[in-house]
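Fit chain to chain and form the complex, with the hints in mind.
If you read the protein sequences in the order shown, they are chains D and U.
The numbering of the first sequence is this note's numbering, which starts it at 1 and goes up by one.
The numbering of the second sequence is this note's numbering, which starts it at 1001 and goes up by one.
Do not rely on the hints blindly, as some may be mistaken.
Short, incomplete list of chain D residues facing chain U, as computed with Cβ under 10 Å [said to hold, decoys possible]:
{"no.": "1", "residue": "R220"}
{"no.": "2", "residue": "E278"}
{"no.": "3", "residue": "N283"}
{"no.": "4", "residue": "S286"}
{"no.": "5", "residue": "S287"}
{"no.": "6", "residue": "V288"}
Restricting the straight-line Cα-Cα distance to at most 25 Å, the calculated cross-link-like pairs of lysine-lysine (BS3-like) are [stated by the list, open to error]:
{"no.": "7", "chain 1": "U", "residue 1": "K1186", "chain 2": "D", "residue 2": "K153"}
{"no.": "8", "chain 1": "U", "residue 1": "K1080", "chain 2": "D", "residue 2": "K109"}
{"no.": "9", "chain 1": "D", "residue 1": "K313", "chain 2": "U", "residue 2": "K1186"}
{"no.": "10", "chain 1": "D", "residue 1": "K251", "chain 2": "U", "residue 2": "K1190"}
{"no.": "11", "chain 1": "D", "residue 1": "K313", "chain 2": "D", "residue 2": "K21"}
{"no.": "12", "chain 1": "D", "residue 1": "K21", "chain 2": "D", "residue 2": "K153"}
{"no.": "13", "chain 1": "U", "residue 1": "K1205", "chain 2": "D", "residue 2": "K226"}
{"no.": "14", "chain 1": "U", "residue 1": "K1190", "chain 2": "D", "residue 2": "K241"}
{"no.": "15", "chain 1": "U", "residue 1": "K1190", "chain 2": "D", "residue 2": "K313"}
{"no.": "16", "chain 1": "U", "residue 1": "K1052", "chain 2": "U", "residue 2": "K1137"}
{"no.": "17", "chain 1": "D", "residue 1": "K313", "chain 2": "U", "residue 2": "K1080"}
{"no.": "18", "chain 1": "U", "residue 1": "K1129", "chain 2": "D", "residue 2": "K180"}
{"no.": "19", "chain 1": "U", "residue 1": "K1117", "chain 2": "U", "residue 2": "K1009"}
{"no.": "20", "chain 1": "D", "residue 1": "K226", "chain 2": "U", "residue 2": "K1194"}
{"no.": "21", "chain 1": "U", "residue 1": "K1190", "chain 2": "D", "residue 2": "K180"}
{"no.": "22", "chain 1": "D", "residue 1": "K175", "chain 2": "U", "residue 2": "K1129"}
{"no.": "23", "chain 1": "U", "residue 1": "K1194", "chain 2": "D", "residue 2": "K153"}
{"no.": "24", "chain 1": "D", "residue 1": "K109", "chain 2": "U", "residue 2": "K1186"}
{"no.": "25", "chain 1": "U", "residue 1": "K1080", "chain 2": "D", "residue 2": "K180"}
These are calculated hints, taken from the structure and not from any lab test.
Built from N, CA and C at the ideal position, the CB exists for glycine as well.
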Amino acid sequence: MNQIRIPQGMRDLISEECEKKEALKKRIENVFSSYGYRPLKTPAIEYLETFTNAYVDVKDEEMYKFFDQEGKTLALRTDMTVPIARMCASKFTNAKPPFRFRYCSNVFKVRHTFAGQRSEVTDCGIELIGCDSQSDLEILAAALDTMQVIGVKDYELEIGNSEFFRSACTAVQLKADQIKTLASYIDRKSLVELQEYLQTLNLAEGAVSFFEELPMLGGREEVLRKAEEIAFNDALKVEVKTLQDLFQNLKALGYEDHISFDFGKVPHLDYYTGIIFEGYVGNVGSSVLSGGRYDSLLKKFGRDLPACGFSVKLDALLDILPEERKSITQVLYPRGKEVEALIKAKQLQKNGAVELVEAAVKEVEVKA
Amino acid sequence: MSLSIALTKGRLENKVGGMLEKSGYGIASLQDKGRSLVFHDSKKDIQYFLAKPNDVITYVEHGVADVGIVGKDTLMEGGKDYYELLDLNTGICKFILAGMPNNNPLEKVGHIKIGTKYPNVTSAYFHAKGMEPEIIKIDGSVELAPVLGLCDGIVDIMETGTTLKENGLVVFDDVCRISARVIVNKVSFKLKRKEINALVQDLEKARD
Chain D
1 MNQIRIPQGM RDLISEECEK KEALKKRIEN VFSSYGYRPL KTPAIEYLET FTNAYVDVKD
61 EEMYKFFDQE GKTLALRTDM TVPIARMCAS KFTNAKPPFR FRYCSNVFKV RHTFAGQRSE
121 VTDCGIELIG CDSQSDLEIL AAALDTMQVI GVKDYELEIG NSEFFRSACT AVQLKADQIK
181 TLASYIDRKS LVELQEYLQT LNLAEGAVSF FEELPMLGGR EEVLRKAEEI AFNDALKVEV
241 KTLQDLFQNL KALGYEDHIS FDFGKVPHLD YYTGIIFEGY VGNVGSSVLS GGRYDSLLKK
301 FGRDLPACGF SVKLDALLDI LPEERKSITQ VLYPRGKEVE ALIKAKQLQK NGAVELVEAA
361 VKEVEVKA
Chain U
1001 MSLSIALTKG RLENKVGGML EKSGYGIASL QDKGRSLVFH DSKKDIQYFL AKPNDVITYV
1061 EHGVADVGIV GKDTLMEGGK DYYELLDLNT GICKFILAGM PNNNPLEKVG HIKIGTKYPN
1121 VTSAYFHAKG MEPEIIKIDG SVELAPVLGL CDGIVDIMET GTTLKENGLV VFDDVCRISA
1181 RVIVNKVSFK LKRKEINALV QDLEKARD
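The shape of chain U in the complex, shown without the other chains (with noise of 0.2 Å):
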């Protein structure tokens, strides 16, 4: 039976591909794609469509998409409801508590307010250790509130740190490591396991 992979945009695109390639894939219109969505393999009966992270999850979840890979940040802070089969250790970052230096939220006493793209994510972290911070969704350049003193810290996701460090933040606290994981509808891992659990061995060999 075929298969639709739902990837996502962007960083991971390329990465994923690469793996693909390596396990014999044959996703040369993917890499050289213009602006179309949709993709077909040109050795396997395997259909790629590229969306945003979230919609990842949604595609998949809905059934449209039997395999999505995507990243564990968009996973911790979205739906629950698929099965997550293997972490292709690609695409690695982390989700850090940063705020500017000697304003440590953890020490902190009395409220506490941190932005975050990441309520969810953010929630969990305080919550593990008896905290209750106020939340304030905070939609891009989340580096800036701490500055401005909207909040004491951000939770965001950190690469390289660079960004963090030009805007005098430091680091507090690793809350916890994230890297791309593949994801399976629940019908179809039931009802093209054979295929699925092909894919995931040959993502797995590549991996390795």
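Chain D on its own, in the form it takes in the complex (with noise of 0.2 Å):
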């Protein structure tokens, strides 16, 4: 039976969607290019230890795991930015940063059976190795043009920055597990959970609205600006001003009506150390980018330095883009006249793909 089945989460293409995925590959990969990314591919099988070593909370359970020869734990990638952060950190010891590298790979996650989820996606990104928060503008416009290339109208990028959450439960001296279990709640917005909680953790009037008001925290342009209220410090006002700055720089780049923002953005705390952002489109159910800064991570690796990147989940995105229309020549032949047919195939396929076709034809045709 299994010889005609594929495993769970997994899918074939057939050439509509190949070509569709192609071509929006090409066009994303343009965009890196021309903002001086190079490509790098890294093996798609790891040591477990890679990942664990990476992340606090690594999902046991989304990781396809076997053996290898020694019987050490080996992995599937889950995602491009632990593999590259590896590589940079052990074969980029001497170089001099700044790096800027690209990658379109597939990444493996184990999901839940019959939910109608992938679980293996093309993810397509950069990571800019070795520049600080200053160059956050530089991956925002990136990140931008990146959406806008996708091709689909209604698109908004929404920014975030880990950093005004984290700073508000230092100030408040939450512990650990408290910050966690608060990060959950404002994260999924679950607004009826979080209120009990807060009256749970005994903070001050203030804290308490200000993390109550977090989840909500999200829209246009006018959110700086509540977000300035219910800052309750000069270290959480910082936080604002760096969103408002990027904002201001945004906007003279004309990228405005593409932007909104969400304070209530907190995920993978032990990850994000700066900004946070993710891309949506009308009619996809989830993001369809996703990235931040992380400038703790290649640490972890033996080399302390900042970085920051996204990437595009392509295959989400294949349902609701048009067919790639590709016109292909037939040349019509004989029998026999196979020669002829090829000579004539060549020339035409200066100007584009020929198909050929035997038929009941006496000589060698050509149909557009």
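Laid out in structure tokens, this is it:
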């Protein structure tokens, strides 16, 4: 039975889908190349340790794992950022930063059975390694240009700042497990649980209303002003200022129509250290682009460099993109005239794809 | 932009329908529906459809529905990839731990067996108490399991307690309160922020 089935979460792509995917990949990679990013490849299989080293909370059940000849645990890569951080820290030990890397590779995650999700997706992205937050503007501009070449009019890049939440937690002296619980409620905008949980923490009134408002602190430019109002100390005001400055610069570059903010964006706190952002397009139920600053990741692999990057999950977009129309010229020929047919075909191939078709004709014919 | 709302079929459908009507939504077609499953609001640019509780979550997670209205019991047992914006304070009941009198699983020494339709809720509840029972998944009439001796107790939803009483079971502990919640697809919340906020505010008013 298994010979005609494919494992849960895997997909076959037919030619039309491959053509769409290739065209999209090309458009995106053109943007990456134009910003000076150069390609990299890493192995699909890494040691499990590489990922457990990088993330504090590795979701073990989401990884495809197996053993090598020596009994060491291997894993299919779940993202490209960690392998690139590992590669950069170990293979570019003496090279002078910054490094601009781009990649387009398949990544793997075990998904719930029958949930309609893909376990293998193509991740197409960039990493800018060795530049601090001063380069955030460049990364965001590249992300916005990438969103634009996807080819959907209705898109939005939503920017958050993980330091805003972290700094507030430090100011009110929350413990690590409390921060984790609070972050999960805020990130999922579970307003009911959030309010209940805040009651148990015995915080000052200003801090309670700050955390209560955080999940809904999203929207266009006006959110920056609201964030400034609820920022209860100088450190928080500085974090708002960072985003205000970024917005002014993005506005100067003409991007303001596609930008929104969400101060309640607090995912993977052990990983992101500054701006975080996600791209959305109409009619796709999950984010299609995601990224952020991760200044403390490379240190874990032995070279302390700041970094920022993002990636696009190509597969999520295939359903909403139109088919690539490709005309193929046909060369019709009768049996026995294969050589003439190929001579004709080779001449025409300079202008585009040509398909040989054996037909009931007397001489070689061209059909556009 | 138009909104699509997935409503949980059955008991919740009427209660939430009432709240929407009170807020000035045109849901006459929902109340007089026959067998159709998709309805259009006669006053606003909204499409409603009816689904089983678990499917409401699935539709919202995939973004096929922008908004879903579903009980906390289903949310606690299922996926987490959505925003949960509002407690509608309707469809109220609770998760309880029950069993045969004089056989409280919380006081038992040794291996404990718990029957339930909600293995994740049960596991989280006992885990918080530092206990690790064996969980047996049962699909219907959970009350039967301890009576027949399949397990030491059950974790289930209780509304009035009549079914428990009629089967000779007693409640040992309240696990948590349950009510209807409004969940929203993460991308819809960004791209249809205005429409969704208006809906949430209307429902909030109808609730209070």
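- Hint check, failures only: The structure breaks none of the hints.
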